[in-house]
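Colleague: These are the residues of each chain, in order.
There are 2 protein chains.
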Amino acid sequence: MRNIKLTIEYDGTHYAGWQRQKNVLAIQQVIEEAIEKITSEKVDIIGSSRTDTGVHAKAYAANFHTNSNIPAERFREAINSKLPKDIVILYSEQVDEGFHARYSSTGKKYCYSILNRLQPPAINRNYVYHHKGNLDIEKMQQASKYFIGTHDFAAFKNTGSSVKTSVRTITQSEVVKCGDIVKYYVAGDGFLYNMVRIMVGTLLEVGNGKVKPEDIAKILSSKDRGNAGKSAPALGLCLEEVYY
Amino acid sequence: MRNIKLTIEYDGTHYAGWQRQKNVLAIQQVIEEAIEKITSEKVDIIGSSRTDTGVHAKAYAANFHTNSNIPAERFREAINSKLPKDIVILYSEQVDEGFHARYSSTGKKYCYSILNRLQPPAINRNYVYHHKGNLDIEKMQQASKYFIGTHDFAAFKNTGSSVKTSVRTITQSEVVKCGDIVKYYVAGDGFLYNMVRIMVGTLLEVGNGKVKPEDIAKILSSKDRGNAGKSAPALGLCLEEVYY
Numbered sequence: 288m289r290n291i292k293l294t295i296e297y298d299g300t301h302y303a304g305w306q307r308q309k310n311v312l313a314i315q316q317v318i319e320e321a322i323e324k325i326t327s328e329k330v331d332i333i334g335s336s337r338t339d340t341g342v343h344a345k346a347y348a349a350n351f352h353t354n355s356n357i358p359a360e361r362f363r364e365a366i367n368s369k370l371p372k373d374i375v376i377l378y379s380e381q382v383d384e385g386f387h388a389r390y391s392s393t394g395k396k397y398c399y400s401i402l403n404r405l406q407p408p409a410i411n412r413n414y415v416y417h418h419k420g421n422l423d424i425e426k427m428q429q430a431s432k433y434f435i436g437t438h439d440f441a442a443f444k445n446t447g448s449s450v451k452t453s454v455r456t457i458t459q460s461e462v463v464k465c466g467d468i469v470k471y472y473v474a475g476d477g478f479l480y481n482m483v484r485i486m487v488g489t490l491l492e493v494g495n496g497k498v499k500p501e502d503i504a505k506i507l508s509s510k511d512r513g514n515a516g517k518s519a520p521a522l523g524l525c526l527e528e529v530y531y
Numbered sequence: 288m289r290n291i292k293l294t295i296e297y298d299g300t301h302y303a304g305w306q307r308q309k310n311v312l313a314i315q316q317v318i319e320e321a322i323e324k325i326t327s328e329k330v331d332i333i334g335s336s337r338t339d340t341g342v343h344a345k346a347y348a349a350n351f352h353t354n355s356n357i358p359a360e361r362f363r364e365a366i367n368s369k370l371p372k373d374i375v376i377l378y379s380e381q382v383d384e385g386f387h388a389r390y391s392s393t394g395k396k397y398c399y400s401i402l403n404r405l406q407p408p409a410i411n412r413n414y415v416y417h418h419k420g421n422l423d424i425e426k427m428q429q430a431s432k433y434f435i436g437t438h439d440f441a442a443f444k445n446t447g448s449s450v451k452t453s454v455r456t457i458t459q460s461e462v463v464k465c466g467d468i469v470k471y472y473v474a475g476d477g478f479l480y481n482m483v484r485i486m487v488g489t490l491l492e493v494g495n496g497k498v499k500p501e502d503i504a505k506i507l508s509s510k511d512r513g514n515a516g517k518s519a520p521a522l523g524l525c526l527e528e529v530y531y
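If you read the protein sequences in the order shown, they are chains A and B. First residue of the first sequence? That's 288 in this note's numbering, and the numbers climb one at a time after it. First residue of the second sequence? That's 288 in this note's numbering, and the numbers climb one at a time after it.
Chain A extracted, bound-state conformation (with noise of 0.2 Å):
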């Protein structure tokens, strides 16, 4: 059997995320669908990570296991042609039998896209998170520094999944203002359940003044979750890359 490597672009705004659930439609299942319809297997596409019900993606990575002899770099194509217009196949290609998506991860970058305006987004409205409220530019970027490094990030996570350890290490964070659009970076070896919305929540709090930038150390060794800010909407949310 070939293993094939499919890197993923979608937009997550009429999906119940990447993972398989039982009465709603996930992205996990589409792709599965369009492959079975290409090759005639019951396929079962390992994934990168679960994403949350409407974020969306610009380089997913998934792999799955085929007998098919359909050249690796024509699934793209082909498994596009069956696909609705909100998922794309970037790139399909072989990759070594013990390649898996999400264990073979060594990490991953996601953006954050918030407009600060006093109107609502008519453009672009199913990927950016509308915040009205003044944001202290400045005092968010101080912020994001304190993530950078390796902490036990039980503070920024909700429950949900079970993992053995909330140590993450975080080797982007950064805010950049450009008009009237905050976009927030964050790469690092993994993330927690919810952890970039929490992180944005609680930038959005440094922005609007309830949160001083060095209180981010704080809450980081507090391990405690309440004090971290809101969940930040998933909409704003988009994978950006995963590292292997």
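What the hints contain is simulated information worked out from the structure, not anything from laboratory work. Any given hint could turn out to be false.
In this list, chains with the same sequence are indistinguishable; a pair is considered to hold if it fits within one copy or across any two.
Claimed, not checked - Derived EDC-like pairs (lysine to aspartate or glutamate); straight-line CA-CA distance at most 20 Å:
hint, residue 1, residue 2
1, K510, D331
2, K499, E328
3, K345, E328
4, K419, E360
5, K510, E492
6, K396, E492
7, K372, D467
8, K372, E461
9, K309, E364
10, K419, D373
11, K517, D502
12, K419, D502
13, K464, D511
Starting from the structure of chain A, add chain B where the hints point.
Modeller: Same frame as chain A, but now just chain B:
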């Protein structure tokens, strides 16, 4: 009667353009009905221009007259409360009696967005035109400069609206590449029917080598629509600004 100017952002994907028409839904109609709901007056909104089906706007301008005593600045929120999510009033303000969104305008700025890569877009798919083939951006940049200045744009106009003259002055004409997105910015004192889309269609022919940059001058002086490129698809086009 007071004269109220509106600045409007809209996602044109699901509308038959700005102008009210029979049997299809236009943005003008949706906004007129929203205003009627809050003022109980029948209003005729004057728009700064028609826009085609699927074209977007970040700052469309329009005005209407009203006997209502709602403060001018309050119209923004009041109208927004009656609008669907893909149309947003950004500003509402009282203007001089003589202000006319179309006749008072001194110019407009558009942006056309092209996604230049093999794979179609999942994210932002309603806001970019997907062009697979290689594009020579440098040649497109050279070509774009031939549009600057005062020219007869008869070759860059589709039939469908009657205008006295097809002479227009272009003040900005710029091709910018950022990753796999190519943006074309064009500003001028006015635009003919489908003019920007035909300019983009012709720049794409320069990009794929069918037309030389210097041929733009010849196409202009020919005044023959047959010599210019096809109209580029509407969805990549966005009205960025209306000047007064």
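Colleague: All the hints need checking, so say for each whether the structure fits it.
Modeller: Status of the hints after comparison with the structure:
no.	hint	in the structure
1	K510 with D331	neither (36 Å within a copy, 59 Å between copies)
2	K499 with E328	neither (55 Å within a copy, 50 Å between copies)
3	K345 with E328	neither (27 Å within a copy, 47 Å between copies)
4	K419 with E360	between (45 Å within a copy, 17 Å between copies)
5	K510 with E492	within (18 Å within a copy, 59 Å between copies)
6	K396 with E492	neither (22 Å within a copy, 37 Å between copies)
7	K372 with D467	between (28 Å within a copy, 19 Å between copies)
8	K372 with E461	neither (31 Å within a copy, 30 Å between copies)
9	K309 with E364	neither (28 Å within a copy, 40 Å between copies)
10	K419 with D373	between (28 Å within a copy, 18 Å between copies)
11	K517 with D502	within (15 Å within a copy, 58 Å between copies)
12	K419 with D502	neither (23 Å within a copy, 48 Å between copies)
13	K464 with D511	neither (30 Å within a copy, 45 Å between copies)
The structure does not agree with the numbered hints 1, 2, 3, 6, 8, 9, 12 and 13 stated previously, though it agrees with the rest.
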